[in-house]
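If you're matching them up, the sequences are chains H and X in order.
At position 588 of the first sequence (counting the first as 1) the number is 581 in the numbering used here, and the numbers step up by one without a gap.
If you want the numbering used here, it's the position in the second sequence, counting the first as 1, plus 40.
Any given hint could be a false lead.
Taking lysine to any residue and the SDA-like style, the derived pairs with C-alpha atoms no more than 25 angstroms apart in a straight line are [as the list claims (entries may be wrong)]:
no.	chain 1	residue 1	chain 2	residue 2
1	X	Lys83	H	Met(-6)
2	X	Lys115	H	Lys210
3	H	Lys689	X	Gly125
4	H	Lys160	X	Val140
5	H	Lys701	X	Gly125
6	H	Lys160	X	Lys83
7	X	Lys83	H	Leu7
8	H	Lys471	H	Gly209
9	H	Lys210	H	Lys689
Some residues of chain H that are not near chain X, with every Cβ distance over 10 angstroms (derived) [unchecked claim]:
no.	residue
10	Thr2
11	His388
12	Ala693
13	Pro712
Think of the hints as simulated: they come from the structure by calculation, not from any bench.
Note that beta-carbon positions come from the ideal geometry of N, C-alpha and C, so glycine has one too.
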Amino acid sequence: MKYLKFILTLVLTLTIFYGLNTKLGSAPPIGKFLDPVNGFWQNDTNEVIDGTISIKGLSAPVTIHYDEQLIPHIFAQNETDLYKAQGYITAKHRLWQMEFQTHASAGRLSEILGDVALDYDRQERRRGMGFGADNAIEKIKEHPTTLKYVEAYSEGVNSYIATLDNKTIPLEYKLLDYKPEAWTIKKTSLLLMYMTKMLSSREHDLEYTNALRKFGKERFDLLYPDFFPDNDPIIPKETDWSFIDTKITPTPQSELPLDSIAETITKPHPDNGSNNWAVSGAKSTTGNPILANDPHLGLNLPSIWFVMQLSTPNHKVMGATLPGALGIISGFNNHISWGETNATRDVTDWYKIEFKNESRTQYKYDGQWKNTSYRVEEIKVKGAQTINDTVIYTHHGPVTYDHNFKGDNEKSGYAMKWIGHIGANTQKTFLDLNTGKNYDDYVNAIKHFSAPAQNFVFASTEGDIALWIQGLLPNKWKGQGKFLMDGSNPEHDWQSYIPQKFNAHTKNPERGFVSSANQHPVDESYPFYVFNDGYGTYRNRVINDFFRSKDKFSVEDFKALHNNNYNLKASELLPHIFKTMDVSSLTSEEQELYNQIKSWDFDSDINAVAPSIWLAWWSELYSLTWDEYDVKDVALDKPFEYQTIHMLKHNPNDDFMDILETPERETSKDLFLISFKEASKTILKFKADHGNYLYKDYKATFVGHLLKALPAFSRFNIPIGGDRNTVNAADKNHGPSWRMIVEMSTPPKALGIYPGGQSGNPGSTYYDNMIDDWAVGKYYELLFMQNETTTDKIMSTQTLTPSK
Amino acid sequence: MRKSNLINFIVTILLVAILSQFLPWWSVMVAGFVSSLFFSLKKVAVFFVPFLAILIFWSMYAFIITNANDFTLAKKIAILFPLGGNPYVLILITGIIGGVAAGIAAMLGKQCSLLVKR
């Protein structure tokens, strides 16, 4: 009997131990997690930002002052110490995020999340993310100074990791039950690849090939024009390009493969984009140039940005950093300021590959058989067996699609040619911008920058303003890369690159301002082929019209423009609808909604109801217009919104206006009515559920935690106006991820804010403390410390000292 | 309270206070086991005395930490689990989880002590 009792209690004890010590499903290991001595409770605290910490390999003490926003101001004696300290301090506040993003980049999420992430991981491996990161490292190694700094940064991160124990590791590690690994230069490279993917891997080649086959060339050109009529490009239209003596690549006489593809890999968020602008001293109320930048990205917690000041005796620079990368990415020093928007150039193309046989060791090229190579991608999966995925490589790049992945033919596949695979030392651009003193330094710094192509805005205390569209850009023949190309035809390869000095740019233009909002970089007069891969068409015109509207602009004007919710898109369609739509069949409830939107002033304000109706209506109308695209087993991308509105207005009787499902033949004004009635249902349902349909409630902007927006660590129902097409591009979970305004006085005066907080710890009050101020359009004066001994507005000071 | 119960209670708390400084969460199980091995109790007290000791220890510990930080993270974890965002429920559950683990380990300790005695 007593043995039985013993065995029973033993089994019970072991069961309880196992049950509380093991991660079961999505729940953390309960005992481990709830333990107040080591578990999550230990993260319920603000960060320690005082005292002295000794760090291996520092050459001199480094002082870190924290201001009231928890922004660290790092003062180091030399650049190696500076980047080591940047690594340490960034890890201190953002370690989990840094590692998670690089795991995401490398296709290693299955390692921590299990097989739910397997498809994602395979896709990233097949995109060649690791391949690109490896190539970038080779380039970084060619620049010993950059390499030294990147290594110093890694050592800094690792010094921080070395201070951690079970108690102090960031919360998410406890939640998912794993441990941080050492930081490496590969991880910095992967982080830069993550950004490159986010900003330069948008393309529609396979979808467009399907559309070309389905609709024919004439219809295709109507749906996807190279230029829109209202083009207000980044580089002013009157720019003289006669200095360019390189010719566009001549178009070869050859056939394109018209294959059919059912499913393609995930593309980056179509709204990834940004605004930037600068006015010259002559156009500024104070006589100093003023510059602004607001990158529009996914709204996440921890935020993609981390604000810092970095200083050595030779330079002081401040602005937004990317956790994982060195230096300031969007910011200013005592001489210059800069910021980026995405150039949205087509730098991803696809090639059809024909293999000699099933062994896939050779593929057809230039009438011969060329050898392939391969990378075995080892994908570790939490709680399951490791998966090996062999990816074949051609001279174009990885054969992403083959019979093992979204394809079915053992003897063919589609290879990706992507600028992200071509190694480059993009890190150097930012390091050089950080220490830049004038226009020439800026131009020299950005020369190294190959991908993702960016519109670099610039202003200096010397009084220059400029904007370069910088990236390594293939000199394509007209139409090259719009569709799937023939991988065996050498004429379909990228023949050369546009010489860097011929990249479109403008310095001190007559109009007194420069700006970009992801629109078309140039007009038709630029001699190289620039494919319209989804250029912005609304924000740019609002911005440029604003700067054309008066002579002088102030920082207050800049703030107002950042927060401008004027809905140009709605204003270009609704008046046409109000003229043509037959309203006789509207019910009284519908009529009320109709009256509300009819009296709208096109301001997408949080407390208005009309923008809610517009949002619902446009979404219905857009999908109804393109019902022809709702086909199974063929990947298609619908035309852009600008062209949709253009056709609704100018081609009201086009075949596309017909709804295939119905026996009647619809025209655009029928679509207006049908979609309005559908939208009314949506709005009335929302009203019934929520009591109102004010725009702030209907749009319900949220900032989501990186782990699938876990509600506990996310912020919901943030009252912010605008939509994806307004200058204040705040969409549901996407928008201005950092807002900066810099006046180039001596020293510069800057404002900044972002929808998050400096801390990556959900237990810190600095985790999301800026969100409410961001939503109402407030800014913080950035404390640009000119020397390290002042203590004004400093909350606390920490010292890093060399350890013996 | 009987004297033996009180002794076991105090010993459990003392043990866990020391052990938890260098052992992971299962220090509560070790504490429950050891105190029961040497300060044997009877019937339901075998489970409930260490249960209560750890419940109080973990709950108090958790409360002191999170109270100092305005319950910032506790409120969020109480949404994650989900407990309606109530940090006090989370504190209580934390105590109960620790208590159950300790109580069951104590039951094993009691059985071991019986095996050794005869």
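Holds or violated: X:Lys83 and H:Met(-6), Cα atoms, limit 25 angstroms. holds, 16 angstroms
Check whether the Cα positions of H:Lys210 and H:Lys689 lie no farther apart than 25 angstroms. violated, 43 angstroms
Would the hint linking X:Lys115 and H:Lys210 be met if the CA-CA limit is 25 angstroms? violated, 58 angstroms
Pair hint outcome, H:Lys160 versus X:Val140 [Cα-Cα no greater than 25 angstroms]: holds, 22 angstroms
Does H:Lys471 pair with H:Gly209 here, judged by a C-alpha cut-off of 25 angstroms? holds, 18 angstroms
Is it correct that the beta-carbon of H:Ala693 has no partner in chain X closer than or equal to 10 angstroms? holds, 17 angstroms
Outside-interface status for H:Thr2 - nearest CB in chain X farther than 10 angstroms: violated, 4 angstroms
Need the status of pair H:Lys160, X:Lys83: alpha-carbon distance at most 25 angstroms? With a Cα-Cα distance of about 36 angstroms, the restraint between H:Lys160 and X:Lys83 is violated, given a limit of 25 angstroms.
Hey, X:Lys83 versus H:Leu7, does the alpha-carbon distance stay inside 25 angstroms? holds, 21 angstroms
Is H:Lys689 within 25 angstroms of X:Gly125, Cα to Cα? Holds, at roughly 24 angstroms.
H:Lys701 and X:Gly125: Cα distance at most 25 angstroms? Cα-Cα ~19 angstroms, so holds.
Distal placement of H:Pro712 relative to chain X, Cβ over 10 angstroms: holds, 21 angstroms
Hints 2, 6, 9, 10, counting from the list given before, are not met by this structure.
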